[in-house]
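Top to bottom, those sequences are chains A and B.
At the far end of the first sequence sits residue 334, using my numbering, and the numbering has no gaps.
At the far end of the second sequence sits residue 535, using my numbering, and the numbering has no gaps.
Hint data in this document are derived by calculation from the structure and do not stem from the laboratory.
Nothing here was measured: the structure is a model prediction, and the numbers come from that model.
We put the CB at the ideal spot given by N, CA and C, even for glycine.
Among the hints, a few may not be true.
Mimicking SDA-like on lysine to any residue, the simulated pairs with C-alpha atoms at most 25 Å apart in a straight line are [said to hold, decoys possible]: (1) B:K215 with A:T60; (2) B:K170 with A:T60; (3) B:K422 with A:A186; (4) B:K516 with A:A186.
Derived DEER-like restraints, expressed as beta-carbon distance ranges [stated by the list, open to error]: (5) B:A228 with A:A186: 42 to 48 Å; (6) B:S78 with A:L315: 55 to 61 Å; (7) A:A70 with B:D118: 30 to 36 Å; (8) B:P424 with A:V119: 39 to 45 Å; (9) B:V283 with A:A186: 49 to 55 Å; (10) B:I171 with A:K68: 52 to 58 Å; (11) A:A186 with B:Q204: 30 to 36 Å; (12) A:L315 with B:R86: 55 to 61 Å.
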Amino acid sequence: MWLYAARRLLMTIPIGLGVTIICFALIYLAPGDPVQSLLPPDATAKDIAELKHAYGLDKPIPIQYVIWLGHALTGNLGRSIQTNQPVLDEVTRALANTIPIAVISVVLAFVLALGLGILAATRVGGVLDRVSTAIAVIGISVPQFWLGVILVIVFAVELGWLPATGMGSAGSDHFSWFRWSESKYAIMPIIALTMTPLGILMRTTRSSIAEMLALDFIQTLRAKGLGSTAIVVHAIRNALPQIMAMLGLQLGYLIGGSILVETVFTWPGTGFLLNKAILTRDIPLLQGTILVLAMAFVLINLFVDLLQTSVDPRIKRT
Amino acid sequence: MIRVPKSRVGHLLGAVCAAGLALAAGAAHAESVLRVAMSAADIPDWTGAPDQGYEGYRFVGFSLYDSLTEWDLTSSTKAADIRPGLAESWAVDPADHKTWIFKLRKGVKFHDGCDWNADSAVWNFGRVMVDTSPQYNVRHHAMQSWLITNVASVDKIDDYTIAMHTKIEDSLLPYEVAGYFQVSQCAVTKANNDYTAFGKQPAGTGPYKFDKVVPHERLELVKNADYWDKSRIPKQDRLVLLPMPEASTRAAALLSGQVDFIEAPSPDTLPRLKAAGMTVLTVPYPHNWDYQLRVDRPPFNDIRVRQAANYAINRDELVDMLQGVATAGYGKFIETQPWYGHPIKYTYNLEKAKALLKEAGCVPCKFTVGISTSGSGQMQPLPMNELIKEQLDAAGFEVTLAPMDWNSLIDVFIGGSHKYPQYDAINVSLSSIEPGQGTMKGTMTRFQPPNGWNWGYFTDPVVDKLGEEALSSFDPATRDALIAKLHETAIADAQEIFIAHDLNPRALSPKVKGFVQAQSWFQDLTPITVEP
């Protein structure tokens, strides 16, 4: 187990390096000048050059990469061009806002998907299966930003039940999950974020449990006279690694932040931060945020992999 | 019948009175708050070097800081002009037309209690322009130097008089310094010239003081009750500025009562906002949505082609598409500006456009225009450009739209058309708040890249002569007449394709009273009251 964990951990190093190279390449492939958004339209070429020099953006890209990587290894991701704050602080702050809604959304999606998936898998072709499948298809197909806008129109604008935007009445600094006046700001973003993982997890649950239920060992269990509930439990245990793998992926995606959902709701998480970094062309912030999120994604999947091996030791042997 | 003892009635009355008084006292002290949803992607810089385009100047710059001259934003019916700010008066030195003398306002204090005087003015010049000064900051230079790029040095004459020496004669300097903000020397020195530290307790002289900030989310300012201009002491206690780049989010925030004032609602949300009782305001302002043309090579080196393009634009159709939030554009300035003059109008005439193209022998007349997908002042570039292309194609042009992101288009604009030969035109909308930005920098030969905004290398000796004379004319009436003539000449030359002026829509909650939408990129929020 430890050897397996160490091997997987080592594999994250080339993945992390690959991510950093792709980050750099992508950002510089985009046309336009990185300091332009800081400057008025009639800034002179001298002003641009001076500002690029101040931020070290005048050096060749490979040199910039090596310098940045060296700093990143010591935990220094540079400073945001826009705010002059350390990038690590900016990302940590945004992560602290995104993680709770991402975790709640995934847990909610997991619980609902498990229930609906089991109902559907044990009644393949039946009415419940069709209804559950329809919910899954809607969850996967409906664009999150569209759903977000619809939720805002219905619950904030028309009914006035929930606030339309923001994270609390005085900003995230004063937000509390334990005060309804504040926590209600999170309800619509959570609903919007839950739909896609719900659809994906429900389909995965349904198909993997239905697949298990058709396998020989289930027939054997039935032949031995095991009750239907116990049989489903067996099927779930065997399908769980597949569902968990998907769960990990979904959690990773949501912690990466849904740019569209967080922008629609002005929720100051990682997606919102990325959107701002893109719009303002804040390269250090963009690079640092992508790196942290990519590494979070890798680590979450590592954790899920390890969890899978504890549930299904066969994985370790492969 | 229930009898209530008299003593109890007395207690009850007393309690009711006390409660009433308490409520009245509470109401008297209830803080009035104006919450503004900006279209900016982030909170603009609040240390005296605003970014995020003119929105940063509008909401943060002019709230916290003042400049030597300031924009008079009191009228909706005439274009904003400058008036005294931290300088009470100014005049060019009769003996040396490269020197402007500014008499500074006395008795003004920065928010930290320090005095505004000539030393502050000289120190602020060092902050932006003198890279050997300890207070010099590269970001402040980048964001503010364009306003005083023609200023070579600043001298203190006495405690309340300074001399600004310009590199060339510049009759427009008083316009240029409106927006060149003055920050507190004491506060920056106390922060050891570290502007990040200064940002925690910034101090200007403006009508609002900094209170707190939640990064990326909200900036809260409070009224400066000691503001030197008593007529502009804010009528609300607190101003909360919220960046909301998504137009539908801003509209929803207003409709759900989370904000009181939104910038730039999209045209399709206007009926809904009006139906909900919101006040939707529009006003002409010096904004120019146009095509800048490369005129030193075909097809636009032929004036007939340029005129044909101008005649081919059905501006009314464009205004209809935008649901009335724009007006037809026939020049760089708007008609209420003193520099508009009496130019010819290229009103829509498809037959004339076709005839001119035929006469020029350019059929089909192919050209490529660089456009952005979004951007400050760009309005709705994609549908607008699609319509313009359709109209031009109908006249015999064959337009290729080359879309790119806003930053890339700005690069193309700054680099000039020679650096980007793939484009025959670009669609970069600009402010025309003052003559330099409005016409001269875009038309005079001396402002061809890399020295200015004359992207298309336009050159006309008449325009150059009028421009040079205007820069050296220190009588405002004479200067303005020359600039109007320059504007008329550039339009007669069909120097660009004139298309539209934005009307700057805003939507306000019915609780918001007293706002006068000025014909300007900037607005005065101080007269606004917010009813409970």
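These are the hints, each one checked on the structure:
Proximity of K215 of chain B to T60 of chain A is assessed by CA-CA distance (about 33 Å); at most 25 Å being required, the pair is judged violated. Our distance criterion of 25 Å between C-alpha atoms is met by K170 of chain B and T60 of chain A, whose separation comes to about 16 Å. Annotation: proposed proximity of K422 of chain B to A186 of chain A is violated, straight-line Cα distance about 48 Å (limit 25 Å). Restraint check for K516 of chain B and A186 of chain A: the C-alpha separation of about 24 Å stays at or below 25 Å, so the hint holds.
As the Cβ distance of A228 of chain B to A186 of chain A is approximately 23 Å, the hint placing it in 42 to 48 Å is violated. Roughly 60 Å separates the CB atoms of S78 of chain B and L315 of chain A, a value that falls within the hinted 55 to 61 Å. For A70 of chain A and D118 of chain B, the hinted distance range of 30 to 36 Å is satisfied, since their beta carbons lie about 32 Å from each other. Range check, P424 of chain B to V119 of chain A: about 53 Å between beta-carbon atoms, so the 39 to 45 Å window is missed.
About 28 Å separates the C-beta atoms of V283 of chain B and A186 of chain A, a value inconsistent with the hinted range of 49 to 55 Å. Distance hint check: the CB atoms of I171 of chain B and K68 of chain A are about 28 Å apart, inconsistent with the given range 52 to 58 Å. Evaluation of the 30 to 36 Å hint for A186 of chain A and Q204 of chain B yields a failure: the beta carbon distance comes to about 20 Å. Restraint check, L315 of chain A to R86 of chain B: a C-beta distance of roughly 59 Å satisfies the suggested window 55 to 61 Å.
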